[in-house]
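S.K.: Below, each chain spelled out in residue letters.
2 protein chains.
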Amino acid sequence: MAKGRLHVVGFGPGGKDDMTFRAARVIEDADIVTGYTTYVNLLKPIFPDKVYKATGMMKEVERCRSAIEDAMTGKDVAMVSSGDSGIYGMAGIIYQLAEEMGADIEIDTVPGMTAASTAASVLGAPLMHDLAIISLSDLMTPIDLIMKRVEMAAEGDFVTCLYNPKSKTRTEYLDQARQILLKKRTPETPVGIVRNAGREDQWSKVTTLGDLDPADVDMFCIVIIGNSQTYVSDGRMITPRGYRIEGSE
Amino acid sequence: MAKGRLHVVGFGPGGKDDMTFRAARVIEDADIVTGYTTYVNLLKPIFPDKVYKATGMMKEVERCRSAIEDAMTGKDVAMVSSGDSGIYGMAGIIYQLAEEMGADIEIDTVPGMTAASTAASVLGAPLMHDLAIISLSDLMTPIDLIMKRVEMAAEGDFVTCLYNPKSKTRTEYLDQARQILLKKRTPETPVGIVRNAGREDQWSKVTTLGDLDPADVDMFCIVIIGNSQTYVSDGRMITPRGYRIEGSE
Chain A
106 MAKGRLHVVG FGPGGKDDMT FRAARVIEDA DIVTGYTTYV NLLKPIFPDK
156 VYKATGMMKE VERCRSAIED AMTGKDVAMV SSGDSGIYGM AGIIYQLAEE
206 MGADIEIDTV PGMTAASTAA SVLGAPLMHD LAIISLSDLM TPIDLIMKRV
256 EMAAEGDFVT CLYNPKSKTR TEYLDQARQI LLKKRTPETP VGIVRNAGRE
306 DQWSKVTTLG DLDPADVDMF CIVIIGNSQT YVSDGRMITP RGYRIEGSE
Chain B
106 MAKGRLHVVG FGPGGKDDMT FRAARVIEDA DIVTGYTTYV NLLKPIFPDK
156 VYKATGMMKE VERCRSAIED AMTGKDVAMV SSGDSGIYGM AGIIYQLAEE
206 MGADIEIDTV PGMTAASTAA SVLGAPLMHD LAIISLSDLM TPIDLIMKRV
256 EMAAEGDFVT CLYNPKSKTR TEYLDQARQI LLKKRTPETP VGIVRNAGRE
306 DQWSKVTTLG DLDPADVDMF CIVIIGNSQT YVSDGRMITP RGYRIEGSE
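From first to last, the protein sequence lines are chains A and B.
First residue of the first sequence: 106, per this note's numbering; consecutive thereafter.
First residue of the second sequence: 106, per this note's numbering; consecutive thereafter.
Derived from the structure by calculation, the hints contain no laboratory data.
Here a beta-carbon is modelled for each residue, glycine too, at the ideal position from N, C-alpha and C.
Treat the hints loosely; a few may be bogus.
Footprint (simulated), chain B over chain A, 3 or more residues, beta carbon under 8 Å [as the list claims (entries may be wrong)]: (1) 232 to 241; (2) 244 to 250.
Derived pair list, reagent style DSS-like, types lysine-lysine, alpha-carbon separation capped at 30 Å [what the hints assert, rightly or not]: (3) A:K158 to B:K121; (4) A:K289 to B:K289; (5) B:K108 to B:K149; (6) A:K288 to B:K273; (7) B:K288 to A:K289; (8) A:K121 to B:K158; (9) B:K121 to A:K108; (10) A:K253 to A:K180; (11) A:K121 to A:K289; (12) B:K155 to A:K149; (13) B:K121 to B:K149; (14) B:K108 to A:K310; (15) B:K121 to A:K155; (16) A:K288 to B:K288; (17) B:K108 to A:K253; (18) A:K310 to A:K289; (19) A:K289 to B:K253; (20) A:K253 to B:K253; (21) B:K289 to A:K253; (22) A:K108 to B:K310; (23) A:K121 to B:K180; (24) B:K180 to B:K149; (25) A:K121 to B:K289; (26) B:K273 to B:K253; (27) A:K121 to B:K310; (28) B:K158 to B:K180; (29) A:K121 to B:K149; (30) B:K289 to A:K288; (31) A:K121 to B:K155; (32) A:K180 to B:K121; (33) B:K180 to B:K155.
Excised from the complex, chain A in its bound form:
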């Protein structure tokens, strides 16, 4: 029997346009396409003839285990998720589980465009300089560590990109992060919010750290806070490539 293969595929924001050729080919060639229901539903119109296995949220470990088991039967399996499978994605847990299970399969990661890239392109050019990406989800990370990271990002004047800024149960963390950032940055610091980045119902808003209203943000948003140099021009959020240095142009 040929060795089974498991591709951990990030397909970007959702449409075919922002997918890589490699991701599309791997999905087209797979025997089974597996993933969280929302992701599978994004792919069905693009690849209507595939065999899909969709499972609900919060069953991630079982979904991964099942994908590995399918690959162990010699099948070619594409495990799909939006964004980049390598950034807050499934790649890590797949490697971990495959080892635990002693699975003799080939695993590869097919990276995609992460949400920070998509959201930035909607807002203008906010990520032109050093960047911190922080998830506000405390499901697997102590909230104190998350807020310490926000503090370090503020202290280091990083452009700061927040993933999972809110959920039904975590509504106050975004404001907590805002308060921490306000200790180091002015209330005029530009902030961009993008909901459903790169999807049909995309929505965005450019505001400031002082005016950022958590009511504008939900779990489908990415929030990007500028560094001390970021400005807004013609509605676009722009971070210069550098700081003025004596003797430079």
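Use these hints to put chain B onto chain A, whose structure you have.
M.R.: For chain B alone, coordinates are given in the frame of chain A:
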């Protein structure tokens, strides 16, 4: 006359496979494809019939100005670069210059996969948790600020991804960054080096913070330093999705 258009296109690591469909279409549809010679040379074999305008390094501002001027004549211009045009890319300066020049053109950013994503997929799954991206280039950023950011990334236990880790004139910064990180992380912390990520002559190595040899690193490398949880298994660098929290699975 129709309004000219300028697309600031990131085409990912270099080959067509890791480009998005949108990037390929925008390049195919453009009247002129313009960029740094190295990037243009990567695209010529993929899109042999295009009109290219290639210029050397260190002429970035002139290149951008010329692209804007071409668009101002009503042409459709694709300004190309590798990785994501929105992360340390040309998007920001294009918006800035177009405003200065009072250019009445349409500008849009077509994001691509950034080098961190490509390098991570080569190494395994190092970017599964909060991430700091820092460029060690001091061309436009004071070195003290760069090193402060490294310190903050160390203090916040961020997975840390170094762009431009070395150049002909900056050979000591990587070791300086390593020393700063060693104050907060053990010498056993995994470090991945990827040269020419996603290109034909790709090379990679997994080592540790204690053993990291700057001689292995040049200007074509990305260096990824794990957080306190990152480990190596079967040659792959893996960062778990979270920290063990009491009461979690």
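S.K.: Now, for every hint given, state plainly whether the structure supports it.
M.R.: Evaluation of the provided hints:
Requiring three or more residues with a Cβ within less than 8 Å of a Cβ of chain B, the coverage given for the region 232 to 241 of chain A holds, as 9 such residues are present. As drawn, the region 244 to 250 of chain A meets chain B at 5 residues by the rule of a beta-carbon pair under 8 Å; at three or more, the given contact holds. Under the criterion of a C-alpha separation no larger than 30 Å, the hint pairing K158 of chain A with K121 of chain B is consistent with the structure, at around 29 Å. With a CA separation close to 23 Å, the supplied pair K289 of chain A and K289 of chain B stays within the 30 Å bound.
Simply put, K108 of chain B and K149 of chain B have alpha-carbon atoms about 27 Å apart, close enough for the 30 Å limit, and the pair holds. Using a Cα cut-off of 30 Å, the hinted pair K288 of chain A and K273 of chain B is violated, with the two alpha carbons roughly 38 Å apart. At roughly 24 Å between alpha-carbon atoms, K288 of chain B and K289 of chain A fall within 30 Å of each other, so this suggested pair holds. Between K121 of chain A and K158 of chain B, the direct Cα distance comes to roughly 29 Å. Compliance with the 30 Å bound is thereby established for this hinted pair.
Straight-line distance between C-alpha atoms of K121 of chain B and K108 of chain A comes to about 27 Å, which keeps the hinted pair within the 30 Å bound. Restraint check for K253 of chain A and K180 of chain A: not satisfied, since their Cα atoms lie roughly 44 Å apart, outside the 30 Å limit. For the hint pairing K121 of chain A with K289 of chain A, the CA-to-CA distance comes to about 40 Å; that exceeds 30 Å, so the pair is violated. Restraint check for K155 of chain B and K149 of chain A: the C-alpha separation of about 34 Å exceeds 30 Å, so the hint is violated.
Of the pairs offered as hints, the one joining K121 of chain B and K149 of chain B holds, with about 11 Å between alpha carbons and a cut-off of 30 Å not exceeded. In summary, the hint linking K108 of chain B to K310 of chain A is supported, as the alpha carbons are separated by about 26 Å, within the 30 Å threshold. Taking the CA atoms of K121 of chain B and K155 of chain A, the gap is near 24 Å; set against the 30 Å cutoff, the hint holds. Simply put, K288 of chain A and K288 of chain B have alpha-carbon atoms about 26 Å apart, close enough for the 30 Å limit, and the pair holds.
Our distance criterion of 30 Å between C-alpha atoms is broken by K108 of chain B and K253 of chain A, whose separation comes to about 48 Å. This hinted pair checks out: K310 of chain A and K289 of chain A have alpha carbons roughly 23 Å apart, not beyond 30 Å. Among the hinted pairs, K289 of chain A with K253 of chain B is consistent with the structure: their alpha-carbon atoms are about 14 Å apart, no more than 30 Å. Using a Cα cut-off of 30 Å, the hinted pair K253 of chain A and K253 of chain B holds, with the two alpha carbons roughly 16 Å apart.
Only pairs whose Cα atoms come within 30 Å are accepted, and K289 of chain B paired with K253 of chain A is accepted, the gap being roughly 14 Å. A threshold of 30 Å between alpha carbons decides the hint, and for K108 of chain A with K310 of chain B the separation of about 26 Å falls inside it, so the pair holds. The hinted pair formed by K121 of chain A and K180 of chain B meets the criterion: a straight-line CA distance of about 27 Å does not exceed 30 Å. Distance hint between K180 of chain B and K149 of chain B is fulfilled; the C-alpha atoms sit about 20 Å from each other, no more than 30 Å.
Using a Cα cut-off of 30 Å, the hinted pair K121 of chain A and K289 of chain B is violated, with the two alpha carbons roughly 42 Å apart. A C-alpha spacing of about 23 Å is found between K273 of chain B and K253 of chain B, which places the hinted pair at or below 30 Å, so the restraint holds. With a C-alpha separation of about 33 Å, the suggested pairing of K121 of chain A with K310 of chain B is violated against the 30 Å cut-off. A C-alpha spacing of about 14 Å is found between K158 of chain B and K180 of chain B, which places the hinted pair at or below 30 Å, so the restraint holds.
At most 30 Å may separate the alpha-carbon atoms for a hinted pair to count; K121 of chain A and K149 of chain B meet this at roughly 24 Å. For the suggested pair K289 of chain B and K288 of chain A, the alpha carbons sit about 24 Å apart, so the restraint of at most 30 Å is met. Between K121 of chain A and K155 of chain B, the direct Cα distance comes to roughly 24 Å. Compliance with the 30 Å bound is thereby established for this hinted pair. Proximity of K180 of chain A to K121 of chain B is assessed by CA-CA distance (about 27 Å); at most 30 Å being required, the pair is judged to hold.
Of the pairs offered as hints, the one joining K180 of chain B and K155 of chain B holds, with about 14 Å between alpha carbons and a cut-off of 30 Å not exceeded.
Checked against the numbered hints given earlier, the structure breaks hints 6, 10, 11, 12, 17, 25 and 27 and satisfies all the rest.
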